[in-house]
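Peer 1: Sequence:
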Amino acid sequence: MKNFKIVLTSFLSILTCLLLSSCYKYPKPPAMIEKEKEVDREKRKLDFLVENTNTSTLFITCFYYAKPSTNLRWEWRKTQVLEVGPNKTTSIKIGFIPSKEDYDDIYGYLGIFDTKTKAEDAIFELTADENKADLDRLSRLKGEKVVLYTIKYGLETLNTYRFDPLQQGQIPELDFYLTNKTGANLYINLFAYEQEEGQPMWEFDRNGPIFAKNGETIFVDVDTIKNSYSRQNVRGYLAAFEENEKTIAENSSYELLKPENKINLGYLSELNSGTVILTAKKYGILTSEKDSRYPAIEFTVKNK
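Basically our numbering = 1-based index in the sequence shown + 179.
Think of the hints as simulated: they come from the structure by calculation, not from any bench.
Using N, Cα and C, we set each Cβ at its ideal position, and we do this for glycine too.
Do not rely on the hints blindly, as some may be mistaken.
[What the hints assert, rightly or not] What follows is a list of derived Cβ distance ranges for each label pair: (1) 276 x 453: 48 to 56 Å; (2) 435 x 322: 34 to 42 Å; (3) 423 x 343: 34 to 42 Å; (4) 414 x 262: 34 to 42 Å; (5) 364 x 282: 56 to 64 Å; (6) 299 x 445: 46 to 54 Å; (7) 264 x 453: 39 to 47 Å.
[To be verified] Keeping only pairs whose Cα atoms sit at most 27 Å apart, straight-line, the calculated DSS-like set for lysine-lysine is: (8) 321 x 267; (9) 222 x 405; (10) 331 x 437; (11) 360 x 405; (12) 311 x 321; (13) 321 x 246; (14) 321 x 257; (15) 437 x 392; (16) 246 x 222; (17) 279 x 207; (18) 405 x 311; (19) 360 x 460; (20) 224 x 207; (21) 272 x 311.
Modelling step: build the complete structure from the supplied sequences, incorporating the hints.
Peer 2: Following this line, the structure appears as structure tokens:
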């Protein structure tokens with residue numbers, strides 16, 4: 180019995196040592212600790228890319244509201260001014276790595292100027308809205324880039340921006356084909372009521388004018404909308420102009436379209452990337468004359 184107690188005591192002692200040793204991991208090598216810290220710092224970097232798709236050189240800077248260290252207060256700060264040429268991409272360096280607590284609370288605006296002097300002299304509080312792009316939280320730009328571009332809408336040329344993912348996935352498209360069977364050559368605009376990526380409001384975006392000869396099929400390209408809700412609710416309106424109305428087509432805006440030029444396609448997602456076929460509106464055996472109260476053209480959709 181005595182020997183049994185000795186053996187049991189020894190077994191329990193060994194088991195206790197094993198359990199205790201399992202609670203204390205071997206200390207990590209300094210190189211591994213430093214590597215983990217570096218990975219963590221990399222995740223909290225706020226640097227981002229800006230692409231200029233315009234035909235002119237721009238000078239850009241980022242205004243950001245931050246507290247770079249515990250010794251400083253929260254206030255508007257500014258990055259180095261960068262020159263970005265037409266169809267070029269550059270990287271905005273924020274210049275510090277925020278703490279984990281502050282990472283999601285740093286907001287920014289991109290300052291966009293046509294001269295270096297204006298960009299260098301600018302401060303956030305006195306910069307006009309037309310020279311600023313609202314970036315919201317800088318942390319949300321991870322995996323995206325800011326794309327600067329211009330659009331011609333009506334008689335105006337507007338500077339605007341969007342956020343594009345750095346890696347494009349398989350996103351359903353709203354593009355479709357259009358066949359002109361009206362008996363006349365036409366200039367076609369598509370007005371899509373959409374919410375572009377990164378933009379807070381819905382607005383009309385114009386594609387065109389595209390020249391479509393009678394009997395010809397053309398491809399109508401629609402912006403890629405990543406958000407599924409926004410994509411499902413994009414509404415489309417065609418505007419058709421006669422061959423001698425090219426200038427009117429080029430300067431047209433949805434708000435000023437005449438009823439006889441406007442064709443309501445409804446939700447573009449419901450076209451299922453089919454072919455829109457335009458025909459002259461008919462009544463019995465007669466082709467209707469142009470009536471300022473109604474569209475002069477009707478359409479059908481041929482699915483793929």
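Peer 1: All the hints need checking, so say for each whether the structure fits it.
Peer 2: Going down the list of hints, with the structure as the test:
With their beta carbons about 50 Å apart, residue 276 and residue 453 fall inside the hinted range of 48 to 56 Å. A hinted range of 34 to 42 Å for the beta carbons of residue 435 and residue 322 is consistent with their spacing of about 39 Å. A beta carbon spacing of about 38 Å between residue 423 and residue 343 agrees with the range 34 to 42 Å that was offered as a hint. Taking 34 to 42 Å as the suggested C-beta distance range, the pair residue 414 and residue 262 conforms, at roughly 40 Å.
Taken as a hint, the range 56 to 64 Å holds for the pair residue 364 and residue 282, whose Cβ atoms sit roughly 57 Å apart. For the hinted restraint 46 to 54 Å between residue 299 and residue 445, the CB-CB distance of approximately 50 Å keeps it satisfied. As the Cβ distance of residue 264 to residue 453 is approximately 41 Å, the hint placing it in 39 to 47 Å holds. About 20 Å separates the Cα atoms of residue 321 and residue 267, which keeps this hinted pair within 27 Å; it holds.
This hinted pair checks out: residue 222 and residue 405 have alpha carbons roughly 24 Å apart, not beyond 27 Å. For the given pair, residue 331 sits about 19 Å from residue 437 by alpha-carbon distance, which is consistent with the 27 Å threshold. For the suggested pair residue 360 and residue 405, the alpha carbons sit about 33 Å apart, so the restraint of at most 27 Å is broken. Of the supplied pair hints, the one linking residue 311 and residue 321 holds, its CA atoms being roughly 20 Å apart against a limit of 27 Å.
The straight-line distance between the Cα atoms of residue 321 and residue 246 is roughly 20 Å, inside the 27 Å bound, and the hint therefore holds. At most 27 Å may separate the alpha-carbon atoms for a hinted pair to count; residue 321 and residue 257 meet this at roughly 19 Å. Pair hint residue 437 plus residue 392 holds up; C-alpha atoms about 22 Å apart against a cutoff of 27 Å. Of the supplied pair hints, the one linking residue 246 and residue 222 holds, its CA atoms being roughly 18 Å apart against a limit of 27 Å.
Only pairs whose Cα atoms come within 27 Å are accepted, and residue 279 paired with residue 207 is accepted, the gap being roughly 23 Å. For the given pair, residue 405 sits about 24 Å from residue 311 by alpha-carbon distance, which is consistent with the 27 Å threshold. Restraint check for residue 360 and residue 460: satisfied, since their Cα atoms lie roughly 11 Å apart, inside the 27 Å limit. Restraint check: the Cα-Cα separation between residue 224 and residue 207 comes to about 25 Å, which is no more than 27 Å; the hinted pair holds.
For the hint linking residue 272 to residue 311, the alpha-carbon distance of about 18 Å falls within 27 Å, and the restraint holds.
Checked against the numbered hints listed earlier, the structure breaks hint 11 alone; every other hint is satisfied.
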